[in-house]
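First to last, the sequence lines map onto chains R and G.
Position in the first sequence counted from 1, then plus 3, gives you the numbering used here.
Position in the second sequence counted from 1, then plus 57, gives you the numbering used here.
Warning: the hint list may mix true and false statements.
Stated by the list, open to error - Subject to a maximum C-alpha distance of 30 Å in a straight line, what follows is the list of computed DSS-like cross-link-like pairs (lysine-lysine):
(1) R:Lys-93 to R:Lys-241
(2) R:Lys-241 to G:Lys-509
(3) G:Lys-270 to G:Lys-536
(4) G:Lys-847 to G:Lys-242
(5) R:Lys-32 to G:Lys-339
(6) R:Lys-45 to G:Lys-84
(7) G:Lys-112 to G:Lys-483
(8) R:Lys-45 to R:Lys-92
(9) R:Lys-241 to R:Lys-154
(10) G:Lys-112 to R:Lys-292
(11) G:Lys-227 to G:Lys-242
(12) G:Lys-501 to G:Lys-362
(13) G:Lys-509 to G:Lys-490
(14) G:Lys-711 to R:Lys-292
(15) G:Lys-847 to R:Lys-45
(16) G:Lys-501 to R:Lys-292
(17) R:Lys-146 to R:Lys-32
(18) G:Lys-501 to G:Lys-711
(19) G:Lys-509 to G:Lys-838
(20) G:Lys-242 to G:Lys-112
(21) R:Lys-87 to R:Lys-146
(22) G:Lys-483 to G:Lys-711
(23) R:Lys-241 to G:Lys-462
(24) G:Lys-462 to G:Lys-242
(25) G:Lys-536 to R:Lys-45
(26) G:Lys-483 to G:Lys-536
(27) G:Lys-838 to G:Lys-362
As the list claims (entries may be wrong) - Covered stretches of chain G (chain R as the covering partner; in silico rule of three or more C-beta atoms under 8 Å from a C-beta of chain R):
(28) 767–773
(29) 837–850
Read the hints as simulated data drawn from the structure, not as lab findings.
Each residue gets a CB set at the ideal place from its N, CA and C atoms; glycine is no exception.
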Amino acid sequence: MYPSRFGYEAPKTVEEAIAILDAHGGEAKILAGGQSLVPMMKLRFASPEMLVDLNTIAGLDFHRVDADGSIHIGALCRHEDLEKSEVIKKSQPTIAAAASLVADPIVRARGTFVGSVCHADPQGDWAAALTALGGHIVAQGPKGTRDIAMKDFVIGPFQNTLAFNEIAIEAVIPAPKGIARGGYLKLERRVGDFATASVAVSLDMVGDTVARAGIALAGVGGRTIDATAAASVLNGKKLTAENISLAAAAVAAAAEPRTDHRGSADYKRQIVKTFVERILTGLATPSQKAA
Amino acid sequence: MALDEIKIGGLGASRRRVEDNRFIRGKGNYVDDIVLPGMLHMELLRSPVAHARIKSIDVSAAWEVPGVRLVLTGEMMAARNLAWMPTLSYDTQAVLATDKVRFQGQEVAAVIADDPYIAKDACQRIVVEYEQLPAIVNPLQAMAAGAEVIRDDKENQEGNKVFDWEIGDKSATDKAFADADVISKMECHYPRSHPSPMETCGSIADYNRATGKLTVYMTSQAPHIVRAAVAMVAELPEHMIRIVSPDLGGGFGNKVPIYPGYVVSILASILLECPVKWIEDKTGNLISTGFGRDVYLQGELALRKDGKILGMRMKTISDHGAFYADAQPSKFKIGLMHSTFAAYDIPAAHLFSTGYYTNKAPGGVAYRCSFRVTEAMFFQERMIHGAANDLGMDQAEFRRMNLVKDDMFPYRTAFGFLTDSGQYGKCLDIGMKAIGYDTFQAEKAEARKRGKLLGLGISTMTEPLGAGNSREYDILGIKMFDSAELRIHMSGKGILRTGAMNQGQGHQTTWAQIVAHELGIPAEDITVEEGDTDTAPFGMGTYASRSTPVAGAAVAMVARKVRAKARKIAAHLLEVSEEDIEWELGRFYVRSNKERGVTIQDCAMAAYSNLPDGMEPGLENNAYYDPPNLTWPFAAYFVKVEVDPETGVWDVLKVVAVDDCGVRINPMVVEGQIMGGLTEAYAMSSMQYQTYDEEGNCIGSNYMDYLLPTAWETPGFELYEVVTPCPHHPIGAKGVGECATVAGPAAFVNAVVDAVGHTGVRNIDMPMMPNRVYEALQTGKDISGMPPVKMGD
Ligand SMILES: Cc1cc2nc3c(=O)[nH]c(=O)nc-3n(C[C@H](O)[C@H](O)[C@H](O)COP(=O)(O)OP(=O)(O)OC[C@H]3O[C@@H](n4cnc5c(N)ncnc54)[C@H](O)[C@@H]3O)c2cc1C
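Please put together the full structure from these sequences, using the hints given.
Okay, here's the thing in structure tokens:
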């Protein structure tokens, strides 16, 4: 691999990293797992002047559930950490379902959840999952930290709203209003492939009733599609077959797929619809289905 | 007292591959591992557009980058008469573009620098002004009236046609169709794919002004052909050219042609008088080097009501890219396409083929295939599938009825090939039992209740391997024989060299096994060496499954020559006349007294120390083998799939492969070849292809778009064997490197088409991606994969 010439810094603290970013005025890039940035440098689609490696900063590789039920994922938490996490398996079904569908085992060993969200690939799985969950990013810059809600974070293909001298230090999934249920389905042509279409579903359930429905999509638009408004037809309702198909139709309508070598726009919409139906039907209890 | 052949690693021993020892330890020696003193590095600038006139090239900024030693353009190549080079199909190909670029990725300029980073930096600074022309990405566009002439460099080239070619008996075929009760038609596209070896192409050219000798280390499956071609292009005599192919990281046909990068690195080394290394990157390999397939197939079968096939008519329209650079025997324009239906008893057949230039990479290499045999057999089995359905006959029974029967050999096919042996019916029986043919319909009905669609596909074929006899097969006029040279040292160990070139087939392991079989010398005592034209005997290289049929035969023959001399030495040592000597594995003995004997090792020592008067010392020889005929392995493959009608996703439930490749030298290596081939067959049918958009951009230029299956999705394979020895090959082998890539894809497609057959769909072009299967189910119509691929809202 023959990228353009670049400098490399391995700071020991977040503050030091921010100072380096600041000094390079937009020409520096953060290196997390390197699973998106390094391939782009190889192809010379990206030619940063300076790489600021987060991997030498201690204390960013965490993920935990706080007492209030919110989940915090540090900037160096790898896809694989989430895939193997007992905490996630117990408390966050959407993340648990998606974890083994992101990339392949080799990439999962290096790539980070936060890096993936920052990368803002329209086909990225984690940005979709975090959007469905109504999560936010905690950004730290020279002036301190701020929270950026997912709906304000990803604004276009490969575009986020971080300032050049800000680092996403963690991603936060808010505590569910009730019991967290959810699922993730992805159509890929092969293991390690990006999504032709994928659907992230998050439901906060109070008894048999949906308190909050969040749905987001990857691969079917110029950016991560937040279909939460479409999913809101489920709010306050039960998961009956009728409600499920209403939601599936609304979410499919919210997708903005394009025809390409992976299939026609209609086909991708059909996949979205089918996946929404399948996830919701899988989450419905027998009594809900009967209703 | 004869040796146990399996113990000494002879025929039939599943000996572990000798070469793997170094490969799995990272001790292989590939071109890129070679570092020569003072070596410079070369990078190519490639065209970003598919079709454009070059208005200007400005290289001045590239020269300014520190560490740049040379910048070459087409104009500079032209000044040395090297802007164009001959292809293996008697066409010409641009080395560096002068007038126009004709495909995306075409070589436009080269930078030679102190390291590859600098070379790449400097390439980015070359400014090329292009005046874009419409891109032609399929033969329909190429043949359209008023289409831009791609090859305006060629005198007398009107339009974009490359050739018309036909074979067979047209009037007999027409009559068969006139007599038919039913005519069954089929149309499909075998998509463009790329062999994509793990190691890309590359070379290190090292011209030594003092000796006048040019040494080139390169990734070639056929180093001797390269030497001949370089001698022609560079106007150097052969003894001043040494081509060395070290370990190859796969080839699959991709490393047969001569590429511009090789030629430019050679010229650079001559101009700079230092070694110049060029290692292509993965994208360069995928978008510019030899592809496989890309043929549109149309055919008809004339059928009698009872199922008998009376005649076959077929038309192919092939897309050759910007230069006709197929690697194939000279006599044929579309390879051995006419081997189609060789396994079937068909009285009359006719094939008409047309080839077109397009704005795509040149190639048409035999990608794990004996020259277009893959397309031929694929289409045959798709036609058979359609015909059985049109007649309302069972797929297996329709095949059984029309396959050549055991007692019909030698059998002359309608296109003139002579097949010589096989037990086709037996292979079919084994496969049907293993796949559970009898219970399949019940299974299918049960799956239907779960909302799933099951399908079962069969593919049977015999393919011509081992090109070939010198009457018919040559490349650039050189006959397609092969060779072996065997030298036995005084200790009874030895070194074998052949004109073939291993690239994963396991020659180091299996050639030694043939020697062990012929001489009784343990396989581990034989070193095998290939790839260096200064030391290896002249041979045509390894592709088209020709190693075992041709070079492997030469190995057996040279071992027999050595044995014949050893026999004379044995007679001398045993003090009897040669006629009184008998041979058993590893030992000569006196016929009248079996106890009195000498081993082959005794004879080897005597060849250097105790010879009969007048005998030339040493124990060595060489053999050039001109095969009397092609060899014809047979395969019967069965695939069972389950389709999800809501998404078009299909899963493979079971794959059964029955192979008859004649005598198996090393059963483990044979099974490895079959599994590798089946994986590629699955790949072709499900995901692996290259397509193009309207502007001629290649979709499939990296591994995120050009999909190779991983261990995760590749199904398991159940393998079965039948052995019908080849009657004319010295050890009865038929070759097996490509059977599964050739016969496999149709089994997968037939299975999926069977699953959706109730909708009336006859064909889904490969790769059968879920969206295509879904669309077929929705529309009940055939799905075409012809580029350009649709893009938009
Ligand atoms: C073969 C392959 C297959 C893949 N398949 C998939 C797939 O199926 N689904 C999928 O979602 N992804 C896939 N990916 C992408 C993978 O998930 C990446 O790991 C991920 O997108 C980026 O995470 P990273 O830690 O590697 O980030 P990096 O590559 O290090 O960085 C990516 C970008 O984000 C920025 N960045 C990283 N961390 C931060 C931070 N803390 N603050 C601010 N900016 C930051 C970087 O500067 C860079 O611009 C695949 C990658 C490969 C190589």
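Right, here's what the structure says about each hint:
no.	hint	result
1	R:Lys-93 to R:Lys-241	holds, 23 Å
2	R:Lys-241 to G:Lys-509	holds, 29 Å
3	G:Lys-270 to G:Lys-536	holds, 27 Å
4	G:Lys-847 to G:Lys-242	holds, 27 Å
5	R:Lys-32 to G:Lys-339	holds, 25 Å
6	R:Lys-45 to G:Lys-84	holds, 26 Å
7	G:Lys-112 to G:Lys-483	violated, 64 Å
8	R:Lys-45 to R:Lys-92	violated, 36 Å
9	R:Lys-241 to R:Lys-154	holds, 26 Å
10	G:Lys-112 to R:Lys-292	violated, 69 Å
11	G:Lys-227 to G:Lys-242	holds, 17 Å
12	G:Lys-501 to G:Lys-362	holds, 27 Å
13	G:Lys-509 to G:Lys-490	holds, 23 Å
14	G:Lys-711 to R:Lys-292	violated, 35 Å
15	G:Lys-847 to R:Lys-45	holds, 29 Å
16	G:Lys-501 to R:Lys-292	holds, 29 Å
17	R:Lys-146 to R:Lys-32	holds, 19 Å
18	G:Lys-501 to G:Lys-711	holds, 14 Å
19	G:Lys-509 to G:Lys-838	holds, 20 Å
20	G:Lys-242 to G:Lys-112	violated, 48 Å
21	R:Lys-87 to R:Lys-146	violated, 35 Å
22	G:Lys-483 to G:Lys-711	holds, 20 Å
23	R:Lys-241 to G:Lys-462	violated, 66 Å
24	G:Lys-462 to G:Lys-242	holds, 25 Å
25	G:Lys-536 to R:Lys-45	violated, 44 Å
26	G:Lys-483 to G:Lys-536	violated, 36 Å
27	G:Lys-838 to G:Lys-362	holds, 26 Å
28	767–773	holds (count 3)
29	837–850	holds (count 5)
In summary, the numbered hints that this structure violates are 7, 8, 10, 14, 20, 21, 23, 25, 26.
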